[in-house]
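Asker: Residues per chain, in single letters:
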Amino acid sequence: MTTLLIAEHHDTGLSDATAKALSAATQLGGEVHVLVAGEGARAAADAAAQLNGVAKVLLAEAPAYAHRLAEPLADLIVGLAGAYDAIVAPATTTGKNVLPRVAALLDVMQVSDVTAVVAPDSFERPIYAGNAIQTVRSSDAKKLLTVRVSAFAAAAGGGLAPVEPVAASADPGVSRFVEESLAVSERPELGGAKIVVSGGRALGSKEKFDEVVLPLADKLGAAVGASRAAVDAGYAPNDWQVGQTGKVVAPELYVAAGISGAIQHLAGMKDSRVIVAINKDAEAPIFQIADYGLVGDIFEILPELTGKL
Amino acid sequence: MKVLVAVKRVVDYNVKIRVKPDGTGVDLANVKMSMNPFDEIAVEEAVRLKEAGTATEIVAVSIGPQQAQETLRTALAMGADRAILIKTDETVEPLAVAKLLKGVAEAEEPGLVILGKQAIDDDANQTGQMLAALLGWPQGTFAFKLAAGETALTVTREVDGGLQTVELTLPAIVTTDLRLNEPRYATLPNIMKAKKKPIEEKTPADYGVDTTPRLTVVKTVEPQKRGGGIVVASVDELIDRLKNEAGVL
Ligand SMILES: Cc1cc2nc3c(=O)[nH]c(=O)nc-3n(C[C@H](O)[C@H](O)[C@H](O)COP(=O)(O)OP(=O)(O)OC[C@H]3O[C@@H](n4cnc5c(N)ncnc54)[C@H](O)[C@@H]3O)c2cc1C
Ligand SMILES: Nc1ncnc2c1ncn2[C@@H]1O[C@H](COP(=O)(O)O)[C@@H](O)[C@H]1O
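Chains as they are written, first to last, in the numbering used here: chain A, 1 to 309; chain B, 1 to 249.
In short, the hints are calculated from the structure, not lab data.
The reader is advised that the hints may include incorrect statements.
[What the hints assert, rightly or not] Here are the computed distance ranges between Cβ atoms for each label pair:
1. L182(A) <-> E57(B): 24 to 30 angstroms
2. T2(A) <-> D240(B): 50 to 56 angstroms
3. T2(A) <-> G162(B): 54 to 60 angstroms
[Claimed, not checked] Only pairs whose alpha carbons sit at most 35 angstroms apart, straight line, appear in this in silico DSBU-like list of lysine-lysine:
4. K206(A) <-> K50(B)
5. K202(B) <-> K194(A)
6. K16(B) <-> K194(A)
7. K197(B) <-> K194(A)
8. K142(A) <-> K197(B)
9. K142(A) <-> K225(B)
10. K20(B) <-> K197(B)
11. K243(B) <-> K87(B)
12. K280(A) <-> K16(B)
13. K208(A) <-> K50(B)
14. K87(B) <-> K280(A)
15. K219(A) <-> K194(A)
Just so you know, these numbers come straight off a predicted model, no measurement behind them.
Glycine residues also receive a C-beta, built at the ideal position from the N, C-alpha and C atoms.
Could you build the full structure based on these sequences and the hints that come with them?
Answerer: See the structure below:
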């Protein structure tokens, strides 16, 4: 059995999500090849070659792959698929965008958001916002999986796999990249951070969010998250949303400030190792899953906490 | 341009579901059902396109049991013109849903199909991408903003690091994210009017689609419960416990 892992990368480097998805790919039992598709992505391919457990890196470079548009990328992967028994991608927005497209072209039912590999054909995955865990067995000849990276440890380094160029496939030409606005931040990336501090609707404004949540996060060297309510209200950017339909995180420490604990939010953070909740309502559901709860006003508690750390 | 919207009947997002103790699935008896929230956003977007003069007709499609009619009525009350129910009592996986929607798209020839990014029951996040693949159309997933032109559609997408804007040649597929719009509530007069709008009934066989699942559900269990926590009295106690008990600081 041979598995193709679709790398998540930014051309000049590899995302942590790739090393984590590699752990899931390795558990399938076969040889793992990693596909790095991009433009000027040699550095990312070299980084992938150093991951322990990678037998070979395929590097596909073309302008069409520069922004990971689903249409050309799916065609590339379908062209390579014949040699593989399984195709795995991290459940990032790139993986979620392209892999179902590949699956349909191969007439395979994808297994989304795999949290455990039970056997090479059987997988655990959460449904209903993580309120139930399903074990499914795939009867398709090829297995197509997206991996919930927060459920897997990153594969170690120390490997030395060869990097082979692969030819780009023709761009179907139906989609064009226009622009992107990606946040540049000194803070750790939300998906891989050891500590996450998240703020909710209680913050009341972007100014207040910036004033009390960010200093605490920076003191802790933490990534910043938010509830949907805080994002919808414009206190925090979209890609900070933690939850069923946002990012799923499992840091060592998760601090939920002024967040009630709706099931959709819990779905994105309840596997954190230690959860701290700060809320003025002692009955807030977030306290049911918090290891440490502090009842009180975030506008007093967060600055005090930041000051005393 | 005709717009097709896919709407799924799912457990209402406010319901905390229960897993059956014997591991055979989720207990859906007497549970409140609603339109998948992302599909409400999809219908809303279609209605706005029609109000803006871009869309000429909105057709809502649902695959599910007879009761999915209610979901279609909601779509009609929000502003869809007519509806198609592909009736089945079986579980239909995203791949088969995409095949059925492909059949509808081939018959209806829409310029745009809008779906939700994810159904909140299976949390699969696949159907729109699969439909795009089967039709050979471009896809604008996780849409934050749409701007429709004559021959192309500009879609701004919510991606991990921020926002990405792509331009797609029509016909195209869009899947909605939360910030695309805020769906309207159906008004009473519109609910009344919706009762007179047509719902056509079909079966998967009409589209020649085999809906046999590819995934066998071996078991369904509750997630691991977290151990109970404690309430601390002060910031000092919190810091002390995080340092000396939890070891995370
Ligand atoms: C389809 C769908 C998908 C969704 N996906 C997500 C998702 O991915 N992530 C997500 O988070 N949500 C999601 N939601 C939304 C979710 O249902 C809740 O509405 C949301 O999580 C609530 O955010 P909140 O806790 O910040 O706000 P609220 O529920 O309003 O809670 C605010 C809390 O702050 C407390 N508070 C107020 N003032 C203070 C103060 N001064 N000091 C301390 N505490 C204070 C209050 O007691 C309250 O508990 C989704 C909903 C739907 C329908
Ligand atoms: N049975 C169904 N009937 C109609 N639309 C569906 C159905 N299943 C999925 N969809 C559409 O596909 C989207 C994504 O669903 P999923 O891929 O299951 O997460 C939903 O938001 C709907 O728009």
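Asker: Next, verify each hint and record whether it holds.
Answerer: Status of the hints after comparison with the structure:
1. L182(A) <-> E57(B): 24 to 30 angstroms: 37 angstroms, violated
2. T2(A) <-> D240(B): 50 to 56 angstroms: 52 angstroms, holds
3. T2(A) <-> G162(B): 54 to 60 angstroms: 35 angstroms, violated
4. K206(A) <-> K50(B): OK: K206(A) and K50(B) at ~34 angstroms, within 35 angstroms.
5. K202(B) <-> K194(A): With a Cα-Cα distance of about 51 angstroms, the restraint between K202(B) and K194(A) is violated, given a limit of 35 angstroms.
6. K16(B) <-> K194(A): Holds - the C-alpha atoms of K194(A) and K16(B) are around 29 angstroms apart, at most 35 angstroms.
7. K197(B) <-> K194(A): Distance ~54 angstroms between K197(B) and K194(A) Cα, so the pair is violated.
8. K142(A) <-> K197(B): Violated, because 43 angstroms separates the two Cα atoms, which is more than 35 angstroms.
9. K142(A) <-> K225(B): 34 angstroms, holds
10. K20(B) <-> K197(B): At roughly 38 angstroms apart (the allowed maximum being 35 angstroms), K197(B) and K20(B) break the hint.
11. K243(B) <-> K87(B): 58 angstroms, violated
12. K280(A) <-> K16(B): 24 angstroms, holds
13. K208(A) <-> K50(B): 39 angstroms, violated
14. K87(B) <-> K280(A): Distance of about 48 angstroms is beyond 35 angstroms: violated.
15. K219(A) <-> K194(A): Given pair K219(A), K194(A) holds - Cα atoms ~13 angstroms apart, limit 35 angstroms.
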